[in-house]
Amino acid sequence: DGGITQSPKYLFRKEGQNVTLSCEQNLNHDAMYWYRQDPGQGLRLIYYSQIVNDFQKGDIAEGYSVSREKKESFPLTVTSAQKNPTAFYLCASSYRGNNSPLHFGNGTRLTVT
Amino acid sequence: DAKTTQPTSMDCAEGRAANLPCNHSTISGNEYVYWYRQIHSQGPQYIIHGLKNNETNEMASLIITEDRKSSTLILPHATLRDTAVYYCIVRAAGANSKLTFGKGITLSVRP
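Line by line, the protein sequences give chains G and A. Take the first sequence: its position 103, counted from the start at 1, is 103 in my numbering, and no numbers get skipped. Every number in my numbering is 1000 more than the matching position in the second sequence, counting from 1.
No lab work stands behind these hints: they were computed from the structure. Computed from a predicted structure; not experimentally measured. Cβ atoms here follow ideal geometry from the backbone N, Cα and C, with glycine treated the same way. It is possible that part of the hints are untrue.
[Stated by the list, open to error] One-sided and incomplete, this derived list gives chain G residues near chain A with beta-carbon spacing under 10 angstroms: (1) 6; (2) 27; (3) 42; (4) 48; (5) 52; (6) 58; (7) 61; (8) 71; (9) 75; (10) 94; (11) 99; (12) 101; (13) 102.
One chain only, chain G, in its complex shape (with noise of 0.2 angstroms):
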């Protein structure tokens, strides 16, 4: 089945050290996405990317990096310089066209003591 595989569904990480979150969509997307989702709030963009090797900041950067070496991944880097990064992580992915839908992965949840 085609989809959007995020994983771990879970991670604890240390205070200062950086973390890799997957994503990988086989849906053949040219879009990927990363939200950032507090209790209780909505989901606020992190970063996008509209083609390969290419990617835009969205409205909470800061503390974030990512990569888009191939169509069907886009891993995001929370570092530690991100001061409040335990959060619900989102990825998702849609076609390049005019208002076509995202959809989305199931999420990772990351807990930094």
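On the provided structure of chain G, position chain A as indicated by the hints.
Here is chain A on its own, set in the frame of chain G:
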């Protein structure tokens, strides 16, 4: 992107229609109305979207007023599994347009 306003919560009885309202009074001519829902601890699920005509699919119907300043998502026969947070989002046309989520409306379906 235009902002949307939704009630914080609502409930409905199982088997009845659930009508979820959304105001988007500052919507522009090229902005679409999208609906997503999120069940606890899962990723948001796309439901439906439209520009000015009413839309229907296997999940729901979207009714957009003639002036496009408000819309209603209708779940025709709500089930317990429809309990979720529903997000109404206005999104500009174009390949680089972003999807901006607010807090949504929590729908509780009671037995």
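Going down the list of hints, with the structure as the test:
no. : hint : verdict
1   : 6    : holds (8 angstroms)
2   : 27   : violated (12 angstroms)
3   : 42   : holds (4 angstroms)
4   : 48   : holds (7 angstroms)
5   : 52   : violated (15 angstroms)
6   : 58   : holds (7 angstroms)
7   : 61   : violated (13 angstroms)
8   : 71   : violated (16 angstroms)
9   : 75   : violated (17 angstroms)
10  : 94   : holds (9 angstroms)
11  : 99   : holds (5 angstroms)
12  : 101  : holds (4 angstroms)
13  : 102  : holds (6 angstroms)
Hint compliance for this structure: hints 2, 5, 7, 8 and 9 are not met, and every other hint is.
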